[in-house]
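Peer 1: Sequence:
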Amino acid sequence: MTVWDRPEPPTRPVPLDRERIVTAAIALADEGGLEAVSLRKVAARLDAGPMRLYAYISTKEELFDLMVDEVHAEILPEEQPGDWREALRVLAHRTRQAALRHEWLADLLGGRPSLGPNGLAVTEAKLAALDGLADVDTVMRAVETVSAYVTGAIRREIANLRAERATGLSERDWQRASGPHVTRMLATGRFPSLAKAVHDGTDVDAETSFATGLDWVLDAVAAKLDRPSA
Numbered sequence: 000m001t002v003w004d005r006p007e008p009p010t011r012p013v014p015l016d017r018e019r020i021v022t023a024a025i026a027l028a029d030e031g032g033l034e035a036v037s038l039r040k041v042a043a044r045l046d047a048g049p050m051r052l053y054a055y056i057s058t059k060e061e062l063f064d065l066m067v068d069e070v071h072a073e074i075l076p077e078e079q080p081g082d083w084r085e086a087l088r089v090l091a092h093r094t095r096q097a098a099l100r101h102e103w104l105a106d107l108l109g110g111r112p113s114l115g116p117n118g119l120a121v122t123e124a125k126l127a128a129l130d131g132l133a134d135v136d137t138v139m140r141a142v143e144t145v146s147a148y149v150t151g152a153i154r155r156e157i158a159n160l161r162a163e164r165a166t167g168l169s170e171r172d173w174q175r176a177s178g179p180h181v182t183r184m185l186a187t188g189r190f191p192s193l194a195k196a197v198h199d200g201t202d203v204d205a206e207t208s209f210a211t212g213l214d215w216v217l218d219a220v221a222a223k224l225d226r227p228s229a
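Taking numbering that gives the first Met the number 0, I'd label the letters of the sequence shown as residues 0 to 229.
Some clues are possibly wrong.
[Claimed, not checked] For each label pair, taking beta carbons as the anchor points, the in silico distance ranges come out as: (1) A26 with D204: 24 to 30 Å; (2) G110 with D4: 19 to 25 Å; (3) D82 with G109: 25 to 31 Å; (4) D172 with D16: 34 to 40 Å; (5) R161 with L114: 54 to 60 Å; (6) A221 with G109: 21 to 27 Å; (7) G48 with A196: 55 to 61 Å; (8) R39 with E85: 24 to 30 Å; (9) T182 with D130: 51 to 57 Å; (10) A72 with R154: 18 to 24 Å; (11) G188 with G81: 52 to 58 Å; (12) E85 with T1: 20 to 26 Å; (13) S192 with D16: 54 to 60 Å; (14) S192 with A127: 37 to 43 Å.
For the record, the hints were derived by calculation from the structure and aren't laboratory data.
We put the beta carbon where it would ideally sit given N, CA and C, even for glycine.
Given only the sequences and the hints, what does the whole structure look like? Please build it.
Peer 2: This is how it looks when you write it as structure tokens:
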């Protein structure tokens, strides 16, 4: 029986339910990452005994599942856009925004699908956006491809943000500090393509990079659909 199917126990003596537990766990994760989350710490924040939580949640993995599903509620738009590209674009950007609010989400994206009601609703929205535009296998591969890009791009961005905090160096400061080494390596002539990218390429911010890459992936999806939409 999954955590979604298991009934909640009575709330006495301390008023408690899965919603309060998940809210407390998300607050801990927002403050200190997933390593800051344990059933003991969540219980302490709720002023409840740790053993009380085991009546509601069996493992920390179940707690993570509930946390992810709660954040998926932030990803769902109020209305589903009619155009498939816009629908997938909105979901992708809302996923990125949710991950920037809850950086720990990046560590839990990309594994097995979320089976909670909100996670299933997000998956339904992705599939529904492409429904009728191609056979079901093509639709599934298209959704997987877009999701893989979104997950990878978000993880890269979050990793850069964490590196900034860990080193105290912004992206530009890190580039300046690494500049002499990179210049020496490029001067060897061993990396001509990289040298061209460094000297002639244009730096863009994370949001622009994400949006551009997403559009390219959607272009590739459009080429595979039976009835591609502009």
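Peer 1: Indicate, hint by hint, whether the structure satisfies it.
Peer 2: Quick rundown of the hints versus the structure:
Range check, A26 to D204: about 29 Å between beta-carbon atoms, so the 24 to 30 Å window is met. At roughly 20 Å, the beta-carbon separation of G110 and D4 lies within the given 19 to 25 Å, and the hint holds. In this structure the supplied range 25 to 31 Å holds for D82 paired with G109, their Cβ-Cβ distance being about 26 Å. The hinted window of 34 to 40 Å between D172 and D16 is violated, with their beta carbons roughly 46 Å apart.
In this structure the supplied range 54 to 60 Å is violated for R161 paired with L114, their Cβ-Cβ distance being about 28 Å. For A221 and G109, the Cβ-Cβ distance of about 24 Å falls inside the hinted range of 21 to 27 Å, so the restraint holds. For the pair G48 and A196, the beta carbons lie near 57 Å from each other, so the given range of 55 to 61 Å is met. For R39 paired with E85, a C-beta distance near 45 Å fails the hint of 24 to 30 Å.
Between T182 and D130, the C-beta spacing of about 52 Å keeps the proposed range 51 to 57 Å intact. Taking 18 to 24 Å as the suggested C-beta distance range, the pair A72 and R154 conforms, at roughly 21 Å. For G188 and G81, the hinted distance range of 52 to 58 Å is satisfied, since their beta carbons lie about 53 Å from each other. Between E85 and T1 the C-beta distance comes to about 33 Å, which lies outside the given range of 20 to 26 Å.
A hinted range of 54 to 60 Å for the beta carbons of S192 and D16 is consistent with their spacing of about 57 Å. Roughly 41 Å separates the CB atoms of S192 and A127, a value that falls within the hinted 37 to 43 Å.
Violated hints, in rising order: 4, 5, 8, 12; the structure is consistent with all others.
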